[in-house]
Amino acid sequence: MKMNKLWIIIKIILGVTIVYLLLRKIGLKDIGDALALTDASYVVAAFIILILVYVIGTIRLYFLIIPIKKISLLKLFRYSSISWVAGVIIPTADIISFSYLLKKEGIDLGPGLAINFLDKAITLAVLTGLSLLAFLKFLPLSQATNLIIMVSALFLITLLAISPLGRAAVRRLILRKYSENFTGFWRVLKWFLLKKKILLIVNVALTLIKFITTAAITYILFLPLGIQVSLYDVSLITAIILIVKLIPSPLIFPGIREAVGFSLAVLLYAQIGVAAPVVVSIYIIVYALSYLYALLTVAFMDYKPLIKLSRDKTTLP
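Per the numbering used here, numbering through the sequence shown is continuous, rising by one, with the last residue being 310.
Hints are not guaranteed to be accurate.
Calculated cross-link-like contacts (lysine-lysine; reagent style DSSO-like; alpha-carbon spacing at most 27 Å) [what the hints assert, rightly or not]:
(1) K96 with K22
(2) K18 with K62
(3) K113 with K63
(4) K183 with K62
(5) K62 with K189
(6) K113 with K62
(7) K97 with K113
(8) K68 with K189
(9) K113 with K183
(10) K97 with K183
(11) K63 with K183
(12) K68 with K96
(13) K63 with K18
(14) K97 with K22
(15) K189 with K113
(16) K190 with K113
(17) K190 with K18
(18) K68 with K97
(19) K22 with K189
(20) K188 with K113
(21) K130 with K113
(22) K68 with K113
(23) K22 with K63
(24) K183 with K96
(25) K96 with K188
(26) K113 with K96
(27) K97 with K188
(28) K190 with K96
(29) K22 with K130
(30) K188 with K62
(31) K190 with K63
(32) K189 with K63
(33) K97 with K62
Hints are computed from structural coordinates only; laboratory data are not their basis.
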């Protein structure tokens, strides 16, 4: 337990140090000058759009959950916000925590994880498609080709994982004696794929709307600076940054995520002539608004059920 706390502290220190060094290299004064030009009314508008993003995300989940169990939109909004905060702190914790909270509503762990998997898979598929367009637009052909091959390989691995052979391998090699805790996962997943395609299509449409709304946060923050950037370009760049954040890895933690986001944004916006200090100033605001939302969630939403459920040793290994 002490080692886990120490590792968390080390990650926080590393993350803050990496972000500081990156900002220093770009130019703290230049970044500060760009931040000074930001209009507070646009920041408020961006935060309102951010809340709308989470509302749309809740509606996406609602359409997947409603055939299994009726849960109010308000309660789902609360659950999804709490699980998102967990994911900010620990990679992939949003999936596990949301499944815990669904279990509180009578949805077993297996079906809950199936809903999470479908939602994340659709998000990943949409972002992958947009990222491929971004690779072709912003990167040299050779680099774009290599990245497209890598993404295609990951997609094939995902398809293999949900095949009968892949499911057997997951049960035998990964879940092993804990596989009984995930009973119903494959049944619910297959049910949606075969019987509830319309709900998956609705989720895809809402995912696109959510993503464009997310890109609008960055787009609107460019306006007071007089930077002419198309929403299409912002959307493509946002797709690449978001898809990196979705990659589950113990090395992707607060600080590292932001540093990777800053670096990618600077690299890609440079292709359309936007200066690095301006880009970083915009993304400082974007990340600050995200953490503000997280703080408000912790302050005003009841996350005690999640703590209680996480202590239940009979749910997860």
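Does K96 pair with K22 here, judged by a C-alpha cut-off of 27 Å?
violated, 50 Å
Going straight from one Cα to the other, do K18 and K62 come out at no more than 27 Å?
Answer violated: K18 to K62 is near 51 Å, above 27 Å.
Would the hint linking K97 and K62 be met if the CA-CA limit is 27 Å?
Holds - the C-alpha atoms of K62 and K97 are around 12 Å apart, at most 27 Å.
Within a Cα-Cα threshold of 27 Å, do K68 and K96 meet the stated pairing?
The given pair, whose Cα atoms are some 13 Å apart, holds under the 27 Å limit.
Hey, K113 versus K183, does the alpha-carbon distance stay inside 27 Å?
Since the Cα atoms of K113 and K183 sit roughly 16 Å apart, the hinted pair holds (cutoff 27 Å).
Taking 27 Å as the top limit, are the C-alpha atoms of K68 and K189 close enough?
holds, 23 Å
Given the hinted pair K183 and K96, is their Cα-Cα distance within 27 Å?
holds, 20 Å
For K113 and K63, compute the direct alpha-carbon distance and say whether it is at most 27 Å.
Roughly 21 Å between the alpha carbons, so the hint for K113 and K63 holds.
Keeping to a limit of 27 Å between CA atoms, is the pair of K190 and K113 held or broken?
Judged against 27 Å, a Cα distance of about 16 Å means the pair holds.
Pairwise hint evaluation, K113 against K130, where the allowed Cα distance is 27 Å at most
Holds, at roughly 25 Å.
Taking only the CA atoms, is the gap from K97 to K183 under or equal to 27 Å?
holds, 24 Å
Pair hint outcome, K189 versus K63 [Cα-Cα no greater than 27 Å]:
holds, 16 Å
Hints 1, 2, 13, 14, 17, 19, 23 and 29 from the earlier list are contradicted by this structure; the remaining hints agree with it.
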